[in-house]
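J.: Letter by letter, the chains look like this.
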Amino acid sequence: MARKFTPKVVTANHLLEGDVIYLTADDRWTRNLSEAEMIDDEAHADIRLLFAAAQQSVVVGPYLADVEAGANGPEPTHFREDFRRTGPSNYFHGKQAAKAEA
Amino acid sequence: MYKYNEFDAAFLAERNRQFRAQVERRIDGSLTEDEFRPLRLMNGLYLQLHAYMLRVAIPYGTLSSDQMRQLALLAEKWDKGYGHFTTRQNIQYNWPKLPDVPDMLDALAEVGLHAIQTSGNCIRNVTADHFAGAAADELIDPRPVAELLRQWSTDHPEFQFMPRKFKIAITGSPNDRAVVAAHDIGLRAVQKNGEIGFEVLVGGGLGRTPMIGKVINPFVAKEDLLPYLEAIVSTWNMEGRRDNKYKARIKITVHEQGLDTFRAKVEERYAAVRDQFRGYDQKLLAEIEQYFAAPAYRDGDVAAYTTAYNADPVFRAWVDTNLTAHKRADHAIVTISIKAHGKTPGDASAEQMRLMAHLADKYAYGELRISHEQNVILPHVHKSDLPALHKALKAAGLGTANIGLVSDIIACPGMDYCALATARSIPIAQQIATRIDELKIEREVGELKIKISGCINACGHHHVGHIGILGLDRAGVENYQITLGGDHTETAAIGERAGPGFSYDQIVPAIERLITAYLELRTSAEERFIDAYRRVGPAPFKAALYPEAEEKANAA
Ligand code: HEM
Ligand code: SF4
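First to last, the protein sequences are chains A and B.
Basically our numbering = 1-based index in the first sequence + 68.
Basically our numbering = 1-based index in the second sequence + 24.
Where hints are given, some of them may not hold.
Claimed, not checked - Derived DSSO-like pairs (lysine-lysine); straight-line CA-CA distance at most 27 Å:
id : chain 1 : residue 1 : chain 2 : residue 2
1  : B       : Lys191    : A       : Lys167
2  : B       : Lys238    : A       : Lys167
3  : B       : Lys191    : A       : Lys163
4  : B       : Lys121    : A       : Lys163
5  : B       : Lys367    : A       : Lys167
6  : A       : Lys72     : B       : Lys367
7  : B       : Lys307    : B       : Lys238
8  : A       : Lys163    : B       : Lys104
Said to hold, decoys possible - Part of the chain B face toward chain A, derived, beta carbon under 7 Å:
id : residue
9  : Leu71
10 : Leu73
11 : His74
12 : Pro123
13 : Asp127
14 : Thr368
15 : Met439
16 : Leu444
17 : Leu496
18 : Arg498
Said to hold, decoys possible - The following label-pair restraints were derived from C-beta to C-beta distances:
id : chain 1 : residue 1 : chain 2 : residue 2 : range
19 : B       : Thr540    : A       : Glu169    : 27 to 35 Å
20 : A       : Leu118    : B       : Pro198    : 53 to 61 Å
21 : B       : Val501    : A       : Asp95     : 33 to 41 Å
22 : A       : Asp95     : B       : Ala443    : 24 to 32 Å
23 : A       : Thr98     : B       : Ala567    : 46 to 54 Å
Derived by calculation from the structure, the hints in this document are not laboratory data.
Positions of the beta carbon are idealized from the N, C-alpha and C atoms, including for glycine.
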């Protein structure tokens with residue numbers, strides 16, 4: 069039997085701003101992990117990553133990050149992704165601040 | 025201080041113009057990221073976890089007050105109002121946006137600063153003793169040689185695509201404050217028969233394979249230094265392993281080939297290149313030296329200082345930790361701690377930078393220095409000005425009296441910013457400093473160097489900390505390994521691993537147990553942590569770190 073596939077999101081940094089972004093199901097880039105497309109299938113993940121990698125003038129360094137389903141969409145399974153979607157812990161900067169403003 | 029001549033200014037303007045065009049081509053899609061990446065790295069621009077990061081060189085740690093004000097301007101205009109001073113005498117901006125970077129570089133060029141070769145496989149910013157030109161114990165001011173090396177290595181056509189990065193550090197004093205033994209090349213000024221030259225160390229480095237540099241030549245005369253360094257770097261450039269980036273640094277080349285073999289190759293190369301240096305470098309050095317003339321020291325009575333020292337315990341505490349002997353008895357070297365308890369080590373706000381620039385103008389002949397220990401230095405202060413200076417610093421949260429103490433921690437950016445990190449380091453430093461402050465035992469503990477890195481690359485120098493902390497990712501959880509007995513001075517040593525790592529919640533209590541154990545076993549207040557460790561060895565410290573293991577052993 070095939071190994072169980074850990075769900076993924078496509079994530080990258082924005083070319084101009086440098087901040088963390090995620091690919092949505094309708095081919096947009098969002099700054100909010102909960103809006104990202106959660107991918108349950110390996111072949112589909114590969115296609116989505118290729119789609120992202122082709123957008124050289126929008127994103128830098130796209131890759132697949134592990135996630136799990138949460139009440140509000142995908143949640144990170146590793147602390148690195150948790151920091152990426154939040155911001156640094158020594159100052160209230162980055163996404164956490166942007167969210168507070170919104 | 026060194027002043028750019030027309031050539032320097034034109035070179036930098038041209039370089040910035042080129043990079044501006046490269047950024048434009050990246051943005052309009054004519055350059056791919058793979059094409060752009062090496063270009064941006066050569067200009068100090070990284071892409072980190074949450075944003076771009078711009079690393080600006082502070083050559084040999086020396087800044088004028090105008091340069092410091094410009095660093096403040098960058099922080100305010102294009103970043104989030106602060107900058108991070110690093111162990112390599114750089115300043116890092118954590119939040120620039122790509123389209124703004126060319127403007128930032130132009131603003132830096134206005135005051136003779138740049139980000140060239142702060143990354144990439146080239147010769148990096150040359151670091152030096154942060155007390156250079158001021159210290160009572162120094163043989164020579166190493167900065168003219170450092171500036172010569174900067175000019176030689178900048179855009180050196182042979183050394184732009186080397187097997188790996190290359191770091192040079194230099195000290196003019198027998199007391200090594202520049203950690204020269206942990207660099208690819210370390211230079212120590214020495215005197216032989218009345219002549220000044222350099223002891224040359226090679227193959228030091230930290231990272232995943234820490235090594236202490238070895239003496240490749242005990243005495244290279246000043247006029248032979250540049251050709252000798254050219255010979256070392258070009259030998260390694262040919263011999264260094266390009267097949268495996270983990271084996272590419274010169275420390276591995278020297279280790280694999282053996283020092284004697286490597287030295288023989290360097291000598292052979294030296295014989296070939298020596299004649300290409302026809303003395304122009306020495307002429308240039310003589311010109312550079314003029315820029316580093318000592319300021320016109322002012323004379324004056326130091327009674328105000330003595331009075332304040334005797335009357336004010338807060339001032340006295342600060343004097344006792346933050347001052348270093350100046351070569352003139354009526355002056356002092358002042359280290360400004362940018363490590364207030366609980367704050368991020370090495371971070372300074374734009375206001376603090378401006379204040380330090382202002383105080384440098386008022387009290388320190390307009391000069392500042394940045395130390396590899398992530399603090400700011402006023403290298404020449406007349407003692408009678410110290411009380412007023414201290415008052416001004418204290419009012420701005422810059423009066424912390426902790427230099428050399430537990431809370432004077434080196435910490436790399438770690439997982440809070442760095443894309444390579446395996447764990448956080450800044451919050452660990454913040455918590456240790458806060459805890460030691462709560463316990464009110466910092467001064468009692470005395471000199472203790474804690475250094476923290478957020479991954480095996482060792483940017484936080486953990487290997488040479490009396491206590492080193494290395495943050496790792498163990499099965500998706502942050503885990504912190506402790507090393508003990510490291511030494512960053514002229515008696516450099518790599519610390520030894522104490523045992524299994526600690527979780528994020530357990531690392532600060534573990535450090536506290538180490539400190540308590542030290543206080544219990546030291547013979548006197550004069551015996552520093554590192555001395556006690558050398559006397560008794562790791563066993564009592566391990567027992568303090570791992571009490572359960574101790575109990576089990578006793579029960580068995
Ligand atoms: C945040 C972005 C940074 C990145 C991506 C980075 C990357 C690296 C890497 C890959 C190494 C290992 C090199 C090797 O062993 O070949 C290294 C070493 C080092 N870095 Fe960094 N670093 C960063 C920040 C810093 C900072 C902030 C400092 C100063 C606080 C610093 C100072 C050093 C030092 C001292 C070493 C070890 C000395 C040596 O080269 O052997 N780095 N860095
Ligand atoms: S030690 Fe690791 S985590 Fe820290 S700055 Fe260097 S590369 Fe980043």
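J.: All hints, please: hold or fail.
T.: Checked hints:
1. Lys191(B) <-> Lys167(A): 41 Å, violated
2. Lys238(B) <-> Lys167(A): Distance ~52 Å between Lys238(B) and Lys167(A) Cα, so the pair is violated.
3. Lys191(B) <-> Lys163(A): At roughly 35 Å apart (the allowed maximum being 27 Å), Lys163(A) and Lys191(B) break the hint.
4. Lys121(B) <-> Lys163(A): Holds, at roughly 15 Å.
5. Lys367(B) <-> Lys167(A): 24 Å, holds
6. Lys72(A) <-> Lys367(B): 44 Å, violated
7. Lys307(B) <-> Lys238(B): 30 Å, violated
8. Lys163(A) <-> Lys104(B): 14 Å, holds
9. Leu71: 6 Å, holds
10. Leu73: 6 Å, holds
11. His74: Hint on His74(B): holds, closest Cβ of chain A at ~5 Å, below 7 Å.
12. Pro123: 6 Å, holds
13. Asp127: With Cβ-Cβ at 14 Å, over 7 Å, it is violated.
14. Thr368: With Cβ-Cβ at 5 Å, under 7 Å, it holds.
15. Met439: Holds, about 6 Å.
16. Leu444: Leu444(B) check fails; min Cβ-Cβ to chain A is 11 Å, beyond 7 Å.
17. Leu496: Not OK, violated: Leu496(B) not within 7 Å of chain A, min 12 Å.
18. Arg498: Arg498(B) check fails; min Cβ-Cβ to chain A is 11 Å, beyond 7 Å.
19. Thr540(B) <-> Glu169(A): 27 to 35 Å: 44 Å, violated
20. Leu118(A) <-> Pro198(B): 53 to 61 Å: 60 Å, holds
21. Val501(B) <-> Asp95(A): 33 to 41 Å: Given range 33 to 41 Å: holds, Cβ gap about 35 Å.
22. Asp95(A) <-> Ala443(B): 24 to 32 Å: For Ala443(B) against Asp95(A), whose Cβ atoms are near 26 Å apart, the range 24 to 32 Å holds.
23. Thr98(A) <-> Ala567(B): 46 to 54 Å: 52 Å, holds
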